[in-house]
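Go by the hints and put chain B onto chain A.
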Amino acid sequence: MLLIRCPYCEEERPELEFRNAGEAHIARSANIAGESDDDFEKFFFIRSNPKGIIYERWRHMHGCARFFNAVRDTVTDKFIMTYKAGEPKPAKLPGASK
Amino acid sequence: MAKAAAKKTAAVTPSAERRPALAGQELSATGVKLAVLPPAERISLRAPEASVAALSKALGVTLPRKPKTSVAKAGRTALWLGPDEWLVLDQAAKDPLADCAKVTALHSAVGISNRNVAIAVTGPAAAATINAGCPQDLSLDAFPVGAASRTILGKVEIVLLRTAADAFRVECWRSFSDYVFTFLSEAARDAAA
Numbered sequence: 000m001l002l003i004r005c006p007y008c009e010e011e012r013p014e015l016e017f018r019n020a021g022e023a024h025i026a027r028s029a030n031i032a033g034e035s036d037d038d039f040e041k042f043f044f045i046r047s048n049p050k051g052i053i054y055e056r057w058r059h060m061h062g063c064a065r066f067f068n069a070v071r072d073t074v075t076d077k078f079i080m081t082y083k084a085g086e087p088k089p090a091k092l093p094g095a096s097k
Numbered sequence: 000m001a002k003a004a005a006k007k008t009a010a011v012t013p014s015a016e017r018r019p020a021l022a023g024q025e026l027s028a029t030g031v032k033l034a035v036l037p038p039a040e041r042i043s044l045r046a047p048e049a050s051v052a053a054l055s056k057a058l059g060v061t062l063p064r065k066p067k068t069s070v071a072k073a074g075r076t077a078l079w080l081g082p083d084e085w086l087v088l089d090q091a092a093k094d095p096l097a098d099c100a101k102v103t104a105l106h107s108a109v110g111i112s113n114r115n116v117a118i119a120v121t122g123p124a125a126a127a128t129i130n131a132g133c134p135q136d137l138s139l140d141a142f143p144v145g146a147a148s149r150t151i152l153g154k155v156e157i158v159l160l161r162t163a164a165d166a167f168r169v170e171c172w173r174s175f176s177d178y179v180f181t182f183l184s185e186a187a188r189d190a191a192a
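Taken in order, these protein sequences are the chains called A and B.
If you count the first sequence from 1, position 37 lands on 36 in numbering that gives the first Met the number 0, and the numbers rise without skipping.
If you count the second sequence from 1, position 69 lands on 68 in numbering that gives the first Met the number 0, and the numbers rise without skipping.
The shape of chain A in the complex, shown without the other chains (with noise of 0.2 Å):
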């Protein structure tokens, strides 16, 4: 079973506890009935789908029920980092050397 840590128990705790919420960090435009259907489109239905680092959303849904941030790797499944939601995007993750 993985080990994710949430930002907000400050722990790590079984998966089981978790929900896993798409990607991150996709803003919604603040006039979205303005938006041209493509906008829409790209903004609605396309992710990145990337083969190795993903910014994803996940939720402590049975635990305190919050919403964070998590990098995690699509390869080999490891969670690198998880932060709360709102907060920027790491600049830099921890272990990467590229």
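Errors might be hidden in some of the hints.
[Said to hold, decoys possible] Derived pair list, reagent style DSSO-like, types lysine-lysine, alpha-carbon separation capped at 30 Å:
(1) B:Lys65 - A:Lys77
(2) A:Lys83 - B:Lys154
(3) A:Lys77 - B:Lys154
Derived by calculation from the structure, the hints in this document are not laboratory data.
Structure of chain B alone, referenced to chain A:
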């Protein structure tokens, strides 16, 4: 408890009798004992940081700010569930909802006394019994006495509170209580083996 309440309001005859789920059910296995606890007053409390002091004063128990902790005082226990969410239990039949009603600071208090059923799991094999369906580390280092957390047991969500080194209080939704008690009964037999 029902008798005491009836005496106080002798003039008003209740039209319906409340029947707590699984009332009084117990199970004993080697090293672990399960018991459905008597009804208690409960509220679900949500409040921003600025209201915590006023609410703590009104409730008579300091709302914990640290994750996975609880504070107990005079039959009342406040369990940290989230950064702005607490479960307040009262086993002295004093409704915490009434205390919160006097507080003018922003908060949301919802009475959930009869939504939950509490099951006590006690004995040296208590942690092993709960771990049959709960993936959290229940060693005394990771989950000390007084630790509290919302988590899962088998397929349902529970709130777990460690009341002593070998005693837990499992709070689950009333409609799930049958499942939880049966699950724990099976687990108790396994833990004993």
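Against the structure, the hints:
For a cut-off of 30 Å, the pair hint linking Lys65 of chain B to Lys77 of chain A stands: about 27 Å separates their Cα positions. Note on Lys83 of chain A and Lys154 of chain B: the hinted pairing holds, with a Cα-Cα distance of about 27 Å set against a maximum of 30 Å. Between Lys77 of chain A and Lys154 of chain B, the direct Cα distance comes to roughly 25 Å. Compliance with the 30 Å bound is thereby established for this hinted pair.
Of the hints listed earlier, there is not a single one the structure fails to meet.
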